[in-house]
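Visitor: Residues 1 to 543 (this note's numbering) are what the sequence shown spells out, left to right.
Every clue listed holds true.
Listed next, with one range per pair, are the computed distances between beta-carbon atoms: (1) Val231 - Glu318: 32 to 40 Å; (2) Arg227 - Asp412: 52 to 60 Å; (3) Lys454 - Glu228: 30 to 38 Å; (4) Gln182 - Asn52: 25 to 33 Å; (5) Arg227 - Ala528: 40 to 48 Å.
In case anyone wonders, no lab produced these hints; they're calculated from the structure. All C-beta atoms in this analysis are idealised placements derived from N, C-alpha and C, irrespective of residue type, glycine included.
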Amino acid sequence: MSRANCNDYVQSSISFYGYTHFDGRTLKNKYGMQGKALQERCAYDLLQAMLNLRKEPLPEKFDSSYLKYLHQRLYEKMFEWAGCTCDTPFTFSDGTVTKVPINNKIKEGLKRIDQILAEKNNFQGLSRKEFIHEVSTVFILLNKIRPFMVGNKYVQRIFFEQIAEAAGHKLDFSVVTEKRMQFAIHAALSFDGNNNRGNITPMLHLFEDISNPEKVGILKEFMIYIRETDVITPEQMHNKIIVIPDEGSTYTGIYKGCSLDSIMLMVKDSYVLCKKDYFSPITVKTLQLDDKLTFRALMPDNFKNILIPGEELPSLTEKEIVARIVKNASVQKCRKEIERLSGLVYGNSRMVNEYMYLINTDSSLGEHHVRNVMNFPQATSKFAGIKILGMKSQKYKQAEAKAFDLSQKIDDYISIVISTRENILQEHQSAQERCKKVLEMPSQALRDILNLPKEDRITTLNANPSLHKELEDFMSKIKIRFSPNEHNAIGKNRYEQLAQSVGISVSKAREITQMIKQSQEACMQVKAFRVSDTRVKTAAFAV
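Given the sequences, and given the hints that come with them, work out the whole structure.
Guide: Below, the structure is given as C-alpha cells:
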C-alpha cells in the first residue's frame, strides 16, 4: 500500500467550507499539529486503523451507514467530523460551523447506491465478470459524489474490498497506480448510471485487473521488481498508467523493459504488461529495447499444456559465427602467440591482425594474404631490425629466424579456426534439433503422484505401470530438450539463468525445475525400491 495521507482526494476549495485553520492549508485536527508532523501522524494512525478494520468481521449489510462507519473508524483519531458527510453542516468544538457545498448530490447519490446494493443483494452470487461490471459502476457513482471532505479514497477501497470478499471475490487496489485511477475516474465523469454511460471501459478494465488473481500477480511482481531494482522510484511508477492487456485484443507497442516474469510495452500513453510465457521463447530472448512488437493478448491454446514450446532457431549469420570463433579459447591462445611472434618478426604485434580477421571470416582468403606476407615480406612490410649492404642487425637476424615459426603458427591458426567453425555449426545444428522438441506437461495424474509423500508415491507408481512409463518418458525428454548449461542451472536452482537461456519467465523456470527434481526423485525412489525388493526375493529364494 502506498503511504497513507490524510489529504488524499482533498477538494480544492476545502478552506472555503471551513475545514481548515485560518491559514487555509492546515486541516483542523485533534492533534493540534500542522505541516510534516501532521502528515506523518495521520499516515501512521490511518495505517493502524486500516489494519484494525480488516480484522473486523464483515457487516451483515453494505450501505451508506456502513460507509460512514468506515470513515469514522479510519479518521476518528484525527478529525472531529470523522464519519460525517459534507452535505450537512458540522459544528467544531471551537464553535465554527462548516458550509455545505452548493448543488451537492450526496444524499441523493448515497440513497441510490443503497438502493442498488439492496436490490442486487450486495452483488452476491455473481460470476467474477458479472461482479466487476456491477461493482465498477457503483464505484464510479460513489466517486462522483465524494461524500466526505477528506478520506474518500481509502474509505472507498475498504468498502469495495469488503463487498468483494462477501461475494466470494477479491479486489487488490495496491496494484493500481495513481495515474491509472485518475484516468479511469476522469473517463467516466459523465456516467450517471442511466442514459449517459460515459466511458466506463477504463474502469471496467481496472476492476478486471484487480479482481483476476493471475493479473494481480503479474502487476505485483513487476512493481516489486522495478522498485527493488531501482529502475524507477515509487513516485515515478505511480505517475504511469500500467495495465494488463485485454484478453483477445491485439496490441502494437514499443518494448521498454522487463521484470523476471513480464515484458513491458508502451502502447500510446499506457504501459502494457504481459507475461513472457505468452510469447515464443525466441521472441523473449531476442527482444531489444525500443523494438516494435505486435501481439495478441491470448495464451496460445498449444501453450496451455506445454512446459516449453518448440522453437525454430534461425541459422547463425556470418557475423555470429565469427563472434563465436573469436571467443574460442584455443583461437585466442593461438592468436596471442602469433601476436608475440609478429612483434619479433616485424616489430609490430598487430601487423597480421587484418589477415587474422580474414582467416576468421574466410580461411582460404586469409591464408592467401598471409602467405604473401610470409613469402614476400619486402613487398608488404619490413622485418624488424636493419639490413645494409648485406649486413644484418641482431634484430633482423632474429626476425628471419622467427619468420618460419610465425608461418607455422599461422598454419596452426588456420586449422584451429576451420575446426572451430565446423564445431560451432555442428553444435548449433544440434541445438536447432533440440529446441524443435516440445516438452509437454505431464498428465494431471502423474503430477498428483509427484506431490504425494515418498511411500505413497512409490506404491502408486508401482501399481500403475502406465504412469511409471509416462514418468520415464518424461525424464528422457528432459535429457534431450535441455542443454548441458541448462541442466546445470536446473541442478543448482538457478532459475534466472534457466529462464534467460530457454526464453521463459522465472516463475515458469522455477515450476519446471521443481517438477524435474520431483520426477528425478521419484525415478530414483522407484529404482531403489525395486532393487531392494529384488534382493529380498533373491534372499528368500536362496533360503
